[in-house]
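Asker: So the chains spell out like this:
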Amino acid sequence: MAFLRELSHLSQIRNNFGIYVFAWTASSITYNAVWLELQSLGGNFYVNMILISTIEIIASFGASIFSLKFNISNSLKFCMKALVAIFASFLFLPISLEGSRNSFLTTFSIVLTLSGKLLSEIVSNLIYVHAPKVVTDKFIPSYMVSVRLFSRICLLFLPYMNYLFISLHLHAFAFLAFVWGLAGFLMMFAKEVQAQGIEEILNEFKIDLVSRLSIFSASSVLSHGPEEMLRNYEVEQTNLQEINKLRASSIHQSLILRTKGNDCHKHSKDDSELNFG
Amino acid sequence: MKKNSNIFTIFINQSTRNEKQMITTLCLLFAFCSSAFIGIPIWFEEPKLLCLSADKITYLPCTEEEMCSKKLIYMIDPQISPISLVSELNLLCERKYIKRLLLTVIYFGGCLGAFMNFLIYIRPISRKKALACLGLVFASANYLIIFFRSSEIMIGFCLAIISFTSIIGNAYGFIIINEYFAGDLAKTATIFMRLFWGIFGIFFGGFCYLIQSNWKMLFLTMGTLVMIDSLYLLFFKSETGIKEGLSKGVIF
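Protein sequences appear in the order of chains A and B. At position 23 of the first sequence (counting the first as 1) the number is 24 in my numbering, and the numbers step up by one without a gap. At position 196 of the second sequence (counting the first as 1) the number is 890 in my numbering, and the numbers step up by one without a gap.
Just so you know, the hints here were simulated from the structure itself, not pulled from any lab data. Treat the hints with caution; some may be incorrect.
[Claimed, not checked] Pairwise CB distance ranges, derived in the manner of DEER restraints:
| # | chain 1 | residue 1 | chain 2 | residue 2 | range |
| --- | --- | --- | --- | --- | --- |
| 1 | A | F190 | B | L754 | 51 to 61 angstroms |
| 2 | A | L183 | B | S763 | 16 to 26 angstroms |
| 3 | B | R789 | A | F186 | 33 to 43 angstroms |
| 4 | B | N700 | A | F186 | 47 to 57 angstroms |
| 5 | B | Q906 | A | F190 | 43 to 53 angstroms |
| 6 | B | C762 | A | R15 | 27 to 37 angstroms |
| 7 | A | N45 | B | S747 | 18 to 28 angstroms |
| 8 | B | Y753 | A | Q40 | 48 to 58 angstroms |
| 9 | A | I154 | B | T718 | 30 to 40 angstroms |
| 10 | B | K790 | A | F190 | 40 to 50 angstroms |
| 11 | B | I905 | A | R15 | 21 to 31 angstroms |
| 12 | A | N45 | B | K910 | 18 to 28 angstroms |
Where a beta carbon is used, it is the ideal one built from N, C-alpha and C, also for glycine.
Please construct the entire structure, taking both the sequences and the accompanying hints into account.
Answerer: This is the structure in structure tokens:
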């Protein structure tokens with residue numbers, strides 16, 4: 002659980018984590034919603050099933066080309082992912098408006114769903130692949146597990162989407178469009194996190210701690226007010242002067258004592274010399 | 695290393711024999727574990743209905759909404775209807791809530807499984823593997839229990855355990871890949887897992903068409919496949935290789 006503890010200190014990882022939790026949840030909701038509504042898409046049920054599985058394969062290749070072949074900067078990759086997600090949301094939207102009422106619209110809705118799903122799957126594949134860019138190496142397993150948990154919690158509401166949307170079959174796609182659009186918009190704010198060692202993370206934590214302390218002290222200054230601070234300063238200065246005076250006098254007295262002591266020591270030495278002599 | 699290499703060349707050239715075996719095993723594991731969720735539309739496939747017409751002699755095709763709102767006498771078309779849980783347990787009209795309840799139970803099992811991953815992945819790698827294998831054995835046992843016993847409560851309970859164990863097995867693949875592999879090979883292994891999922895989905899769709907969504911046959915087949923995969927994973931010797939990966943020092 003160190004991951005969740007550390008999240009509160011590492012701002013960029015925390016932001017990325019939040020954004021990718023949302024995107025991953027959108028991905029799993031899309032997958033499960035489309036999969037559950039296979040029958041309502043129209044056409045042959047088994048053909049739809051095979052088509053959606055084929056989409057998964059194409060999306061995997063798409064993600065592999067995107068992540069292995071394109072030699073572009075990671076920030077650009079993040080933006081492209083976001084745009085693809087937003088575009089996917091636009092593809093889901095017409096299905097909710099048109100529906101599968103006749104054969105042309107049935108085919109149209111299947112094609113649109115598959116295209117939307119292809120794009121969303123490419124993004125979700127990239128979310129899987131680019132995990133090291135989102136969080137540091139050390140946290141990847143924790144990230145994977147916690148993201149999965151969040152998406153699973155959201156999926157609990159999927160069977161009850163009927164109650165959210167009056168007629169589930171098609172309005173659910175409008176919901177998917179909204180979710181993907183939002184995921185894409187949020188993904189624009191994700192930034193690459195450099196692979197960090199634990200020392201760097203701790204250093205960042207220390208810096209964070211220092212900044213928090215400085216903010217705390219500044220806030221205390223503001224809350225007390227400058228006049229009080231000046232008064233405190235004057236009191237401190239007078240105290241310091243008194244302390245210095247005391248110190249100086251104590252030094253003076255000690256010097257006197259030392260000189261006296263030396264004289265006594267000399268006298269005693271002389272006495273001892275006399276006695277032993 | 696070539697920048698423009700594809701996932702297949704990376705898989706062939708940049709991995710050892712042990713790593714290849716490991717990736718293949720994890721891909722199979724991921725695909726079979728996903729079957730718990732791929733199978734949902736098949737198990738709950740809506741039957742084709744025939745409703746008694748106004749002349750009270752002929753049966754005509756009708757939708758579930760028509761049938762439920764007008765309270766028509768109906769029969770399930772035996773020619774084209776799939777043999778799904780909906781037709782078997784009669785989860786139509788007022789009993790439709792049981793379907794939602796079963797779906798919720800499945801997703802709730804998955805949710806618990808995802809939570810359990812937190813507790814499981816702090817264990818050493820050999821124990822993780824043992825727990826994943828144990829989970830798979832449980833999953834296959836529950837598939838077989840559903841095959842033999844088909845009461846509503848038993849089905850709900852077994853489906854929850856199947857989804858619970860499937861999520862554990864499912865996440866195991868990702869965790870092992872990220873603990874053990876790095877760079878392009880990690881990306882390739884992750885993409886391979888999704889690829890296998892797609893390929894498995896095609897075979898699954900074809901198989902469902904062949905058996906006409908006979909849910910009992912489906913449960914039997916899945917139980918057997920998951921059992922074979924769990925045994926393969928159990929006897930697969932990759933401990934020495936995986937232990938090296940732990941030098942990364944993963945934090946939980």
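Asker: Each of the hints needs a verdict: does it hold here or not?
Answerer: Here is what the structure says about each hint:
1. A:F190 with B:L754: 51 to 61 angstroms: 56 angstroms, holds
2. A:L183 with B:S763: 16 to 26 angstroms: The hinted range 16 to 26 angstroms is violated for A:L183 and B:S763, with Cβ atoms some 36 angstroms apart.
3. B:R789 with A:F186: 33 to 43 angstroms: Holds, at about 42 angstroms.
4. B:N700 with A:F186: 47 to 57 angstroms: 32 angstroms, violated
5. B:Q906 with A:F190: 43 to 53 angstroms: 49 angstroms, holds
6. B:C762 with A:R15: 27 to 37 angstroms: 48 angstroms, violated
7. A:N45 with B:S747: 18 to 28 angstroms: 27 angstroms, holds
8. B:Y753 with A:Q40: 48 to 58 angstroms: 21 angstroms, violated
9. A:I154 with B:T718: 30 to 40 angstroms: 32 angstroms, holds
10. B:K790 with A:F190: 40 to 50 angstroms: 41 angstroms, holds
11. B:I905 with A:R15: 21 to 31 angstroms: 48 angstroms, violated
12. A:N45 with B:K910: 18 to 28 angstroms: Cβ of A:N45 to Cβ of B:K910: about 23 angstroms, so the range 18 to 28 angstroms holds.
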